[in-house]
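We have chain A already, so just place chain B on it with the hints.
2 protein chains.
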Amino acid sequence: MLSQRLRYAALQDRVVTAEEAASWIEDGMTLGMSGFTAAGDVKVIPLALVERAKKLGKPFKVNVYTGASINSKIDGVLAESGIVNIRLPYQSEKRMRAALNNGDVCYIDQHLSHTAELLRSGAIPPVDVALIEAIAITEEGYIVPTTSVGNSHIFVAQAKEVIIELNMAQPLALEGLHDVYDPGHQGHRQPIPLTEAGQRVGTTAIAVDPAKIRGIVITNQPDVSSAIVPPDEETEQMAQHLLNFLKDEVAAGRLGPNLAPLQSGVGSVANAVFHGFLNSEFRDLEVYSEVLQDSVFQLLDAGKIKMASGCSFTLSPKTNEFVMENLDKYRDKLVLRPQEISNNPGLIRRLGLIAINTALEVDIYGHVNSTHVMGTQMMNGIGGSGDFARNARLTFFCTKSYAKNGKISSIVPMCSHVDHTEHDVDIIVTEQGLADLRGLSPRERAKRIIDNCSHPSYRPLLQAYYEEAVARGGHTPHIIEKALSFHARYVQTGSMLE
Amino acid sequence: MLSQRLRYAALQDRVVTAEEAASWIEDGMTLGMSGFTAAGDVKVIPLALVERAKKLGKPFKVNVYTGASINSKIDGVLAESGIVNIRLPYQSEKRMRAALNNGDVCYIDQHLSHTAELLRSGAIPPVDVALIEAIAITEEGYIVPTTSVGNSHIFVAQAKEVIIELNMAQPLALEGLHDVYDPGHQGHRQPIPLTEAGQRVGTTAIAVDPAKIRGIVITNQPDVSSAIVPPDEETEQMAQHLLNFLKDEVAAGRLGPNLAPLQSGVGSVANAVFHGFLNSEFRDLEVYSEVLQDSVFQLLDAGKIKMASGCSFTLSPKTNEFVMENLDKYRDKLVLRPQEISNNPGLIRRLGLIAINTALEVDIYGHVNSTHVMGTQMMNGIGGSGDFARNARLTFFCTKSYAKNGKISSIVPMCSHVDHTEHDVDIIVTEQGLADLRGLSPRERAKRIIDNCSHPSYRPLLQAYYEEAVARGGHTPHIIEKALSFHARYVQTGSMLE
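Chains as they are written, first to last, in our numbering: chain A, 1 to 498; chain B, 1 to 498.
Excised from the complex, chain A in its bound form (with noise of 0.2 Å):
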């Protein structure tokens, strides 16, 4: 029943098509769309609005802002629609990803907790035209999002003219998870009161002044689920390093039975962690995090978690199904915010999270790169990661020691991009082991992540290396004609091996 979804009464006769509202949308215009992680995103009229630019015939660019990656096929119909200019703050999709190596899209590399404040302080620019997925309008008329929350505030407080797609495949149930705050604006704000990672501190629905929702385009369609990389072997291994670490911290009091607030990136890493808890010691756990995916539920219908933070869920077809279903089992132990505030970095400090993410390679002492391939290919993005990483109590990044079959070592002399730095990496991770690099000088760093965590046919290659550099000297040894060596080898011979 669309009443029972749309209960402002006067915005009953604003419900359009998705080609009617697409037509609203004009060359040079800012999209604000909602949509973390291929949840909650808007699907109809990003595609109505690359055949509107087709029609037209001459040429066409928006600008698009989401809360992070979307569903495959909407990005990659943007990107390959050429209609994107500027794409922020996160991608995961081949053609996107291929349209802004090659230059043609300008792609903003963000911060998932900055572009809110970029756009209140007008960093960037602003957004005209807020595209949101909804399951409800309230009685005030304002929108209750699906199952993320991302952006999708401050793209409605900024945008002059808000869509809506309700979507009524996405359950009502959904309804009271969310608790959107906004912070206001920096210099004229209280500090934001959350102290603990299940406080509820906001309302359920986005405020709104109703007269600005232009249209609402009524659709039918669920998430498209991400297909979740099960464990292997050597992320099962990963995850027992991390596990038998977190357990000798308890051990030696640094800390307690219930661990911290647990944040984990997206992917197969994080889901095998995630999945090792479940036959842990550990109970009583939260997760104050950025997505909530499977494991997070298997944990919670353990029993092991008893709250958990996010900002949205990114669940495989068969969980998604069943959590959609079952809604008011898990509806006092979940709670959807803000990507602000999900990636808050006050908060993060404040509830002293154990922040676990996922490296693309990482350096002898100790810096990351998240997200350029051989220091020049955009592969996704930082995401949350820094967020998290900067003011985690605990940072580890986990990573395969190698990549494409051994052609690649993941643990190299110097990293060809930095998007975490050594002042905010503490534990480093591989199917080899664990480096804890808390309290080490670079030197000693370098011995422990090559000893530790270095794939053994590259060992030897590191070692040498670090003692060639170490003879030249430095708080930081390196060859700086050779630091780049590894990367250099494999642009030019396929494999980082001699």
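A hint or two may mislead.
Copies of the same chain look alike in the list, so a pair counts if it works inside one copy or between any two.
Said to hold, decoys possible - Calculated pairs, BS3-like style, for lysine-lysine (alpha carbon to alpha carbon, straight line, at most 27 Å):
#1 K160 / K58
#2 K447 / K61
#3 K160 / K306
#4 K482 / K404
#5 K212 / K482
#6 K73 / K55
#7 K54 / K160
#8 K482 / K407
Hints were generated in silico from the structure; no laboratory data involved.
Below, chain B without anything else, positioned relative to chain A:
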């Protein structure tokens, strides 16, 4: 009169010589010493400790934690004596620099807001003995710091024993300026209530169980002030670029006429910028910074600044003398805080700071090296620059476009060490001009930095590199085997010029 300064009667019989105090310090201990940028540091016990170690005539090592740099004499003598194992979180002394670059001292270069958290979480060896300079011990036995607060509160809280240097040369009129706030343990803390730069949220003394105060050494030595480099033509040009930019931001409505609370690093550029405010139309400015230098007091005198918060005073001898004799004039306009509060990420973002710091080198994509000459030799350390850059509303990095009489270009294809990533850097300033990187993709940034900021003698080399790199492609184009070629050439030939 000692009784004015030592008001807790039971402590009066604990007055000892520096030698006796030093005799309590054993091999293997960790010392937490007051001092931030050569302000408020302990001045006699460390020297007595070096003498003690010499007389012992056997291996003797201690870990030395401070707020930031301490006066050169102390760090230099400590380095020469060879008694330092771990040194953190910052130093700026040539003998200490040599020792850590040799690998003789394990230097841990930390964000200055991190040290207290690392101590709380047990990530680094705990402090055994706190050595704290004070102007007074209160009636309750609490410690009133001198010209800096730094990490003293956490050292005192964690140490098993506290030794005070009660410095009669530091004016008692400093009492009341400090605002000591300890946020408590992560996961168990309330929001820090501060919402304005000048707000007081803590206490004017460091609380301590007086039973922990094992000894009090009476001293009478002013701080050893750092030589402040006066503005030269080029730093004045940089200041002008920066001020013009701020004026344009006000004109564009992105900043108000009072700007936003200002932070500036230590050094000649920062001083030149602050000097530039003297003759600007800006008024009612606020400072929320780490170190308050001469220029802050000039601006206070001129009525340009209405409030200044920092964690230390680092003044020239002349300004120091004037300020210390006229503290009442400044009393309601100054606050001195612990460095974890002055540099707190949550507060920096909440207040929306304008952060102005110095770079050693900058690459064409906007990464910044603040610490390592040619990627290997530590200069000083990252200090607070990362705390501010990462969380400020506007992040500037300033550097002359060249160094060593033109043999070094401060703008390079790729930084030889990264302390601040592209994600955190908004604006680059050299004497050549200013590059506003906000909202730009890497390729756009490269063009702007090369065109606006590089020295003309290096511009063609940088342009040629960039063009060759773009021909290879990528989101962040590089010729990986030449990315560090400027540095390699300098190491080989003594100049980055071809």
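Status of each hint after checking the structure:
For the identical chains of this complex, K160 and K58 are intra-copy neighbours only, at 25 Å inside a copy versus 75 Å across copies, given an alpha-carbon limit of 27 Å. Taking the shortest Cα distances, K447 and K61 sit within 27 Å of each other only across copies (22 Å), while inside one copy they are farther apart (51 Å). When the C-alpha separation of K160 and K306 is checked against a cutoff of 27 Å, the pair qualifies neither within a copy, at 40 Å, nor between copies, at 37 Å. Proximity of K482 to K404 under the C-alpha cut-off of 27 Å is found in both arrangements, the shortest distances being 22 Å within a copy and 24 Å between copies.
Taking the closest pair of Cα atoms, K212 and K482 never come within 27 Å of each other, the shortest separation being 58 Å inside a single copy and 53 Å across copies. In this homomeric assembly, K73 and K55 come within 27 Å of each other (Cα to Cα) only inside a single copy, at 20 Å, whereas the closest approach across copies is 75 Å. In this assembly of identical chains, the alpha carbons of K54 and K160 lie at most 27 Å apart only when taken from the same copy (25 Å versus 73 Å across copies). Proximity of K482 to K407 under the C-alpha cut-off of 27 Å is found in both arrangements, the shortest distances being 18 Å within a copy and 21 Å between copies.
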